Amino acid sequence: MQPGVVFAQDYQYMCSEAGQNIIKDAIKTHGLTGVVVCSCSPRMHEATFRKAAAQAGLNPFMVEIANIREHCSWIHKDKEEGTEKACVLMRAAVAKVTLNAPLKAGESKVVKRALVIGGGIAGIQTALDIADAGFPVDIVEKNATIGGRMAQLDKTFPTLDCSSCILTPKMVEAKANENIRLITYAEVEEVSGFVGSFKAKIRKKARFVKEDVCTGCGVCMSKCPSKKGLNEFNMGLNNRSAIYIPFAQAIPNVAVIDKEQCIKLKTGKCGLCQKVCTAGAIDYTQQDEFIEEEYGAIVMATGFRPIDASKFDEYSYSTCKDVVTSLELERIMNAAGPTGGVLLRPSDGKHPHSIVFIQCVGSRDVSGRGKPYCSKICCMYTAKHAMLIRDKYPDVEVHVFYIDVRTPGKNFDEFYRRAAEQYDVDYIKGQVGKVYEENGQLVVRGVDLISNEQIVLNADMVVLATAIEPDPTARKVANMLTASIDTNDFITEAHPKLRPVESPTAGIFLSGVCQGPKDIPETVSQAGAAASKVIGLLAKDKLTTNPCVAHSDELLCNGCSCCEKVCPYSAISYETKLINDHGVKETRRVAMVNEALCQGCGACTVVCPSGAMDLKGFSNKQIMAEVDAICL
Amino acid sequence: MQMSEKDVAALVKEISGSDVKKCMKCGKCSATCPAYGEMRFHPHQFVAMVARGRVEELLKDPTVTRCLSCFACVERCPRGVEPANVVAAIRVLAEREQEGNNFSPADVPKLLSQDPEIPQQALVSAFRKYRK
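Chains as they are written, first to last, in my numbering: chain B, 1 to 632; chain U, 1 to 132.
With the rest of the complex left out, here is chain U (with noise of 0.2 Å):
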């Protein structure tokens, strides 16, 4: 069954572990990221549409990949809302979305074929949680 995008969300949230309700709208995880200018949605952003629920687009954009997992949002974030968790979590589920959920290290070399730019830690990130 096709979920809504509200479950998605509410999926994202899960995996994530991150309360985005503890999100103040402060933007010091933006102002702190170091790929902000390769991102199509920043980390701010990503917060604040899951929190409302609206993770399609997020989904369906290629720019995700380029969060380089450094976590200095999450270091820094006052409230502790961990955007770089929401972001994985995103990643995760588009991941998922396109392959099925059977993302293996034997994919690497395809992953890498189609997108000779991703970051090694998207990848290491990628592996850490399909590793199954």
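If we strip away everything but chain B, and leave its shape as in the complex, we get (with noise of 0.2 Å):
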């Protein structure tokens, strides 16, 4: 038996209930002052363990595990070694309980009030179930209106509801519901703070319309000489003026102005739209405005955007007019878009008879071109367009290229299935290798491998269904958030089965694309499943917080500042105060932990050159004693 061991047991299922009572019974029999599970990873059970050794009165943080599955016996392939290794894991172990100290975790406040970041489906869905649970929440829109990508798409797969039909009943609700502030055209540029007291400072871009005041009306929109602007919502297929309301159904439905093009803003000259409003609402001098405000939860929900199509130039997008992306094509067969409703060519405006689809552009594509993933959703919209088009154009012949059809979902597949065998659209299963212009007339050659041949076919309309990415502001909040993202710049989650829905930074919630590709259904679910976390937090008066937190030895400390440096949550600052060492008084400029603030990284421990710097529960004298249980 090691130095200090007074008692051993081996069992099958240590975490078990039967197994939880021998540690309990351990702990009464043998008077026990802590306790080493050589087991799995801490991360699994270390929880459990510490319940059970506080239920017969010892202190949780008495309880240390040797993680003899992950960290050995799953990794290794020699048993005799491995066994070996468990044995020098639990020698460490015992060394480090031997000089763990009892600890009492604290208590932090919540504010009761979330924040949501992105006002798009995902964002409005988890704010009015979050107000619906009483909780004030905000949410921030970088745009001028709420609705995000959900407002751009014409009808919805696989039941072809109108897209706005459904959505504008929540925009309006969202703006209805008391608990709700909506903070539109505004950015956040701050977040400080931790779990339940998060401060954010959000920057709310000048609009030079002032919010109350506009009625939506309009005039202003038809009098700008200034229509130059492209259209944002109509994914640039047609110009804007340079005062706009996004959308009919924007909300709030209040003017703004695009300063690259308003003429009054670049040359101070014009100003016709503040002599035409009614209301008075034009303010030309209007200044950004900076709201700070306190949050218990954040919750992301920040969306995405298709990838620049232009990237996969053998089909021709940045040259052919008619080679159009989905969400482009989204907006042509939407009656508030560019052509009314009608699907007619960019080109020159006429009726396309032969429309070409190309599945997988960009997604499932390894060489850095495109992004490794699949983008979940162009399948069932390709069918979708696919089936619409033949359902108002019967004399369109509609061929698709695919490597894979994808349809999980609940009737996904019967739905492409219907595009397939009722709207006799043409699936074809391969890829196109290039789409070109030839005498005026787009040809698109692919590939059919079932019948193993190269098919050329003539098109008058070629749409790409183009991978979606993150918006590109995730990356910047998720910074601001100490979120961690994955290497595609989606959020990544706590766990990615059992806790899908919060980031492993405590207080950050995830909704919609920003955590990884998904459909309406599946990001209304996940940004109910991200409200009731947050309504979870909210609910609680205090929260426990972790002692294992950094404590600096004043009279060690010498303020050099390098724990300040490289702390990445900004628990550390210095004080400057008097310092009695051992008789000796002196003014000294010493390191603070706010132990709120502290996660228990340890980074600071690390770089400090005194010695000063300590973690409570991993301690520098606590590591060495492991170190020499493994080396000695």
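Think of the hints as simulated: they come from the structure by calculation, not from any bench. These numbers come from a predicted model, not from an experiment.
Sample of chain B residues with no beta-carbon within 10 Å of chain U, all distances over it, derived:
| # | residue |
| --- | --- |
| 1 | Ser222 |
| 2 | Gly340 |
| 3 | Gly440 |
| 4 | Ser484 |
Keeping only pairs whose Cα atoms sit at most 30 Å apart, straight-line, the calculated DSS-like set for lysine-lysine is:
| # | chain 1 | residue 1 | chain 2 | residue 2 |
| --- | --- | --- | --- | --- |
| 5 | B | Lys410 | B | Lys155 |
| 6 | B | Lys565 | B | Lys577 |
| 7 | B | Lys540 | B | Lys109 |
| 8 | U | Lys22 | B | Lys155 |
| 9 | B | Lys155 | U | Lys21 |
| 10 | U | Lys6 | B | Lys350 |
| 11 | U | Lys25 | B | Lys376 |
| 12 | B | Lys142 | B | Lys112 |
| 13 | B | Lys142 | B | Lys476 |
| 14 | B | Lys205 | B | Lys223 |
| 15 | U | Lys6 | B | Lys392 |
| 16 | U | Lys22 | B | Lys518 |
| 17 | B | Lys410 | U | Lys21 |
| 18 | B | Lys199 | B | Lys142 |
| 19 | U | Lys22 | B | Lys410 |
| 20 | B | Lys228 | B | Lys155 |
| 21 | U | Lys25 | B | Lys410 |
| 22 | U | Lys28 | B | Lys429 |
| 23 | B | Lys518 | U | Lys25 |
| 24 | B | Lys104 | B | Lys616 |
| 25 | B | Lys228 | B | Lys259 |
| 26 | B | Lys542 | B | Lys51 |
| 27 | U | Lys28 | B | Lys376 |
| 28 | B | Lys434 | U | Lys21 |
Idealized CB from N, CA, C, for every residue including glycine.
Fit chain to chain and form the complex, with the hints in mind.
Structure (structure tokens):
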């Protein structure tokens, strides 16, 4: 037996109730002051064993786990060596536990207000659910209106109901709900603090229109002489005036001036909109405003955008007007779109007779041009587009080139088969190698892998099912929130299966495509899940804090600021104070740790040159004891 | 009047009674076909080519008679496409072209002398269609 060990027991399922009882009984019978469990990763069952120890009257922080599964048996093939390593890991844990000190968790407050970043369907649904539970919630949306991508869609699969018809009631509800504050045309600039008590600084960009005065009548838009701004809502397929309301159902229904396009703001001359505005809402002198607010929880709902299709120039997207992306087609098909919902090709406004769809444009591509993942929604929206076109214009031939058709989801495969079987959409298994223009005719060269032949088709329009990627703001926001992101800029979950709507950073939650590609039904369910997690947090009056935090020994601290610089949570600050060093009094600059902010990462203890910084529960002494146990 | 390839394909669909659009290109028919190695085109290719209106090559292919008409592909197709019926229809049209649709039991000995290995099932299914 190791020095200090008075009782050892082997049991197959220590995490079971019977196993926990063995620990509890041993603590009581032998008067144990520390417990080491040699088992799976502490990420699995540390909480289980600590709880069991606490029930037996032992301080839960007197329990140590030696991870002999993930760190040992699962990764070593040689059984004897593995067993030897397991023994070493056990010795290290025993050496550590003898130096453990009882720790007590502290408490911190919970600000009962939530922040939702992003006002698409994900953000709206999350906010509505939080608001319904009675908590105030702010939606910060970078665009002039909420609604996001869903507002741009014409119809939704698999039911084919009109996207705005089902979205706008939710937008209206978000505006009407007294627990929800909409902060549109705004971006979060700074976030500090921690779970339960975040502080955010929000920049409300100047609209040059008084939001509470504008009636949304639209006269300014019709009179504005600058009409060359690309209409973002219509994916740049047509133009809009410099002063504009993004779309008819926009919320808030308030105009905004595009300062890059406005003649008055650029040259000082014009001012026509101000003259025609009967409400007197135009204010060319408006400045950006800042809102500072405290929040208990923050939800990221930053959404997505399609990738730039010109990266795949074999499809001639940048040179041929009639090669469009699916989102552009969505606008062409929409009654409020640039063609009033009539299917007309962009180059000459003529009715197309043959349309080729190309799936997986940039998805499942590890060449670096595209994205390695499946964008998940393209198979279904392509089936939708193909079906709608065949339904409305039976004279149009529709071909779809695909690698796989992926339609997991309720009634999804049936939907796609309906396109192929009832609407006679020609699905061709194979990819397209090139799209080019020949004597004014678009030509598509692809392959049919079933009949094993190259296919050359004349097309009047080509539609690219472009991959989707996280909105570029996601990275910035994630950095601000210290939420981790993966190599594709999707926000990482705390656990991919068991905690899918939480970020590993406490108090940060995920909603919608910022976490990974998903369709509307999935987004709405995830939004609700994120809301329920937020509600669970805001319903608490106090949070218990992790007692394994850093602390500085004032007598040893030399005031060098190394720890302050490396701390990723801004938990360390410096204070000049009178230090009594064994009777010698002097005024020195010393490090102070804010225990509420400290996450116990230990970076400060590593950089501290004087050894003043130490981590409770993982003290330098304990770590060295573990190293000694392993090496000596 | 000469029929276009598309029209012939439409005729194949009509004769076979098979809805080739139902095919989801899983390959179960070819995976299950006992005559796979003997046929230049395989059941899934018959379905795909007929769907695309490409029947000329199928009509010219002598190995189309190698289909045993065992109907394993019909039994196992998850979408109810009935590939064997498509093969049979192609075979029928090929025979019609060659023999001017005058196939009768009396012709069997001649057929056998042309190709002694012609499967029994091919003859039986031919009788079924052309005993008038």
